[in-house]
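**Student:** Got chain X; can you put chain R on it based on the hints?
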Amino acid sequence: MSSWEVVIGLETHVQLNTKSKIFSGSSIAFGAEPNTQANVVDIALPGVLPVLNKEAVQCAIRFGLAVNAEIAPRSVFARKNYFYPDLPKGYQISQYELPVVGKGTLTIEVGDSEKIINITRAHLEEDAGKSVHGASPGQSGIDLNRAGTPLLEIVTEPDMRSAAEAVAYARKLHELVQWINICDGNMQEGSFRCDVNVSVRRKGEEKFGTRREIKNLNSFRFMQQAIEYETRWQIETLEDGGKIEQATVLFNPDTGETRAMRSKEEANDYRYFPDPDLLPLAVSAADIDVIRATLPELPSAMKARFEREHGLSTYDAGALTASRAIADYFTATLQVFGGEAKLAANWVMGNVSAKLNEEGRVIADAPVSPALLAGLLKRIADNTISSKIAKDVFEAMWAGEGDADAIIERKGLKQVTDTGAIEAIVDEVLAANAAMVEEFRAGKDKAFNALVGQTMKASKGKANPAQVNEILKRKLAG
Amino acid sequence: MINHSLKHLASMLTSKEVSSVELTQEYLNRIARLNPEINAYITVDTELSLAQARAADQRIANGDAGPLTGIPIAQKDIFCAKGWKTTCGSKMLETFIAPYDAGIVEHFNAAGAVNLGKTNMDEFAMGSSNETSYFGKVQNPWDRTRVPGGSSGGSAAAVAARLCAAATGTDTGGSIRQPASLCGLSGLKPTYGLTSRYGMIAFASSLDQAGPMAHSCEDMAIMMNAMTGFDQRDSTSLQREKEDYTRDLGKPLAGLRVGLPKEYFAEGLDAGVAKVIEAAVDEYRKLGAEIVEISLPNTMLSIPVYYVLAPAEASSNLSRYDGVRFGHRAAEYDDLMDMYCKSRAEGFGAEVKRRILIGTYVLSAGYYDAYYLKAQQIRRLIAEDFAKAFEQCDLILGPTAPSTAFKAGEKADDPVSMYLQDIYTIAVNLAGLPGMSIPAGFAPAADGKELPVGLQVIGNYFDEARMLNAGHAYQQVTDWHTRMPEGIA
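Protein chains in written order, with the working numbering: chain X, 1 to 478; chain R, 1001 to 1489.
Hints in this document: simulated from the structure, not taken from any laboratory.
Nothing here was measured: the structure is a model prediction, and the numbers come from that model.
Please note: incorrect hints may appear among the correct ones.
[Claimed, not checked] Estimated spans, in silico, between C-beta atoms of each pair: (1) Asp287/X x Pro1252/R: 22 to 30 Å; (2) Glu1094/R x Phe208/X: 47 to 55 Å; (3) Glu1332/R x Val132/X: 22 to 30 Å.
Quick reminder that beta carbons are idealized off the backbone N, C-alpha and C, glycines included.
So that you can see chain X by itself, here it is in the shape it has in the complex (with noise of 0.2 Å):
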């Protein structure tokens, strides 16, 4: 197995959050009613003709330009001709040789190791409706809600080389799509999805194997388990002297297996050419600075700026950055806090994380948000509470008891720093516990932690930690 190398390369289908589909007025949304969101340039009736929605080319052009992409100047609309009873106009209209994003990058972390994935070119392109299996007997229906909804495909260069890179770039590009705002990201509706194709070559070998492609895998784990298996099977295949034939798969999640849906002899010859009805696209200099202006700061420049501003470490600032909602929690938590920024990191990466984890929720339906955790910690930061003491503070934040403040009042969780009132019960502690007092000065150290606990204990917690060290030592040395 050692000795083959295995070469994948990604087309992931994108949809936009526009208002509206790519060449009509109908809308996206859904789980709708089926064919209520179809209008009459949706259907194809005789005489309509398609207007191209503004919107998806704004975001086409984001994206364009958050993976340091060319963006091209005059872009075309091509047919792609076939039948299907879902494609109502018998062709679907997506950019051929003129794309609207050509060749740009994105890097990947795997390991403890970057890589830069090319990409290729991204372009436009409509979707095409839905087939309707089983709703009545011997028929088939036909929803075309989906029909006209506009996607930008990404192709990426074959330059991953491992199961684990390929769904190392398929989690960045989720998470960027949905950091610069064009697409949801919900998998389980098909707002992404990715066709994976693989193919294997022995190591050292320049010329690249023939490639399969992986259909419409719509979770990463499907991703990993369809790109190992398939992987697998190609190698197999060759080391029993068989030969791959290119051909489209599907992976099956029930087997964990990828079988092929049709082969290369059977593609169509889909006859592109130029969409008469459509201009080419003409993209200005003025255009792109203008939607250059809306985009947000990217996640590699937030993240090289929290390890420069922050003194945050590289691990933290990819974690912080990991998707837009965490990074703007943690940057409203900072801005409220006006504190150390690696106390703020540890709550979000930590305590945060943890609950959100626990509860299956995601960020933005925190109970705790960026205020209300800024305020527990400005009380951490200033001594009013030790951090033991924040912990339940926070726990009763997140129950929905009110802010810190009125928490830490309410259940007298205030830190005691009273240096008599330590030494008061400092000086019980010793009393009652003298068998300890004598082991520690018997020389084990481990005594003195216990003397501290116990003191902690007295004062409910309540003790500021530093102080009670400071006393108990002196006290223990006179």
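**Tutor:** For chain R alone, coordinates are given in the frame of chain X:
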């Protein structure tokens, strides 16, 4: 009344000499009497027409009448009109009732015109004789044994036989101008992008353009004022200021430079037709025009280029007729592929199938560069020919068609000879220029029958007003456009 100009009819309507209902009824009576033989209309709906006429009379009574309010016109059956059967001359759409109005139909409705019905045409506008219509041949009112031309043959016959005051047509390679020539009326194909294609059933999208068919240039100018304008639902529609196409009518032609392309007077042109065109050119000389000889060297390539590009676009445009959502579906089929094959085999006629096959072939992998791409390159050369010519002249004159109307059935089995009917008109579509045909006299056929001849006027982009004035000036000194066929009184 049936020989009055649109302007005169409008004044009769506003002065209440006649009501729109009376005028409409007059035409409906004529249609009832003459259409069973001439077959110019596929669909007539008396109730729909009279309802529009009543509404027009109300508008006139309210003092809200425009130049076309209450005027009965005919719509080529290629335009979707809400509630009207819209067949495009095909069995495929035999039962299709359009649920929406084409941009052109909206314009006429807004103007208060009355729709008399939907006129016959070659199937999906593919033909030059109206013989490919599923709904039967159309007779040429000048000789009922002859074709009216095509594809707007129904509209041409309806205007010539006074079955409407004016009509709409569409022109992809000559489909307005050639039938206008063969039926002795005026027809104009505007600059590509001036009239909306929304709701006009597509044949070849980069060539199709709607235009008026009428008795005179003045009538066409009035029609053009209603028909043109930007339509945001058509991405190839041009955003321009509205023009008044009547504004130049009556201006003298002195100093007008008229170009005669030598290729239009070469082999293939009927001698009788040539004589008529030469006489018309003389008339222009008398009107003060300066005549210059020009050359359009790539004219002969226009037919092969057209018969690559138009079928390529058509093969794709007609893919939507698959029997799934509307239109003809075979009664019985085994599976999906069988349903497609049977529905399309039954729904389309021979000429449509021929062009789908040609178009599919030229777009196929391995042939695309040799046919489609090469044709697009030559298309640019043809446009350049015209650009050079218009450095030497303001308008181009020549024959519209190489011959007068031919006998029904004469060319039905010879597609190439049929395609040559459009030798002088096709290049205009390929270049996107405006072209017009006006009656210029009569020439004898082989059997001695005197038949109408059309003079083609080609203008530069957006020069329709100048063309209409040039035609109008000619129509002030000639009476060819007022002649009426026998037997239609």
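**Student:** Please flag the earlier hints that this structure goes against, numbers listed from lowest up.
**Tutor:** 1
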